[in-house]
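Number of protein chains: 2
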Amino acid sequence: TQQLLSKPKHKAHRARPCRVSTADRKVRKGIMAHSLEDLLHKAQDILKLKDKPFSLVLEEDGTIVETEEYFQALAKDTVFMVLQKGQKWQPASEQRGKKCQL
Amino acid sequence: TQQLLSKPKHKAHRARPCRVSTADRKVRKGIMAHSLEDLLHKAQDILKLKDKPFSLVLEEDGTIVETEEYFQALAKDTVFMVLQKGQKWQPASEQRGKKCQL
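Protein chains in written order, with our numbering: chain H, 330 to 431; chain R, 330 to 431.
Excised from the complex, chain H in its bound form (with noise of 0.2 Å):
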């Protein structure tokens, strides 16, 4: 008789490589993170966030990522943003131009 081998479900996802950027996108880290949450975590304390609260969307478009589900449907190499309090996202394009400025 095949005898399967039982298998922890979902319980502890895979950590994944993940980037996250700060919203002036000058510095850009790549993080593994398992969750959300723990990406979350992770970003407040390498990009030295201190406890204020912060935002995750992804640096594409904008678009907030509230959801362990979404999270994990994202892809492995998925850009994302953290934005703090007062900090607004803005398209690559509009902030990169500035330096092209007169």
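I should point out that these hints are in silico values taken from the structure, not numbers from a laboratory.
Heads up, a few of these hints could be off.
You can't tell identical chains apart in this list, so a pair holds if it fits in one copy or across any two.
[To be verified] With a Cα cut of at most 20 Å, we get these calculated EDC-like pairs of lysine to aspartate or glutamate:
1. Lys414 / Glu388
2. Lys355 / Glu395
3. Lys358 / Glu398
Since this is a predicted model, take the numbers as computed values, not measurements.
Chain R: place on chain H using the hints.
Here is chain R on its own, set in the frame of chain H:
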């Protein structure tokens, strides 16, 4: 009965091929590295960085690579960039053109 050989469990990582570029993208070298620490040492030596501090980022988008975990999660053909003090990551397009400067 079947006996499985016990594998050493990620104690030592296998050496993996990495590409490392200078900040100006003028030199790019292929380096085999077992770990992030190993890559840092070899890059320092091979790119003749002497004892000056430097950081390692992804050539693609400037993501800072600081942890062994994140390093191990990267693809085999990842291109890294070495940034020394005062050097900043720039997109390849900007570096080539410098079109915005007067």
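For each hint, the structure was consulted:
no., hint, in the structure
1, Lys414 / Glu388, "within (17 Å within a copy, 27 Å between copies)"
2, Lys355 / Glu395, "between (24 Å within a copy, 16 Å between copies)"
3, Lys358 / Glu398, "between (23 Å within a copy, 13 Å between copies)"
Hint compliance for this structure: no hint is broken.
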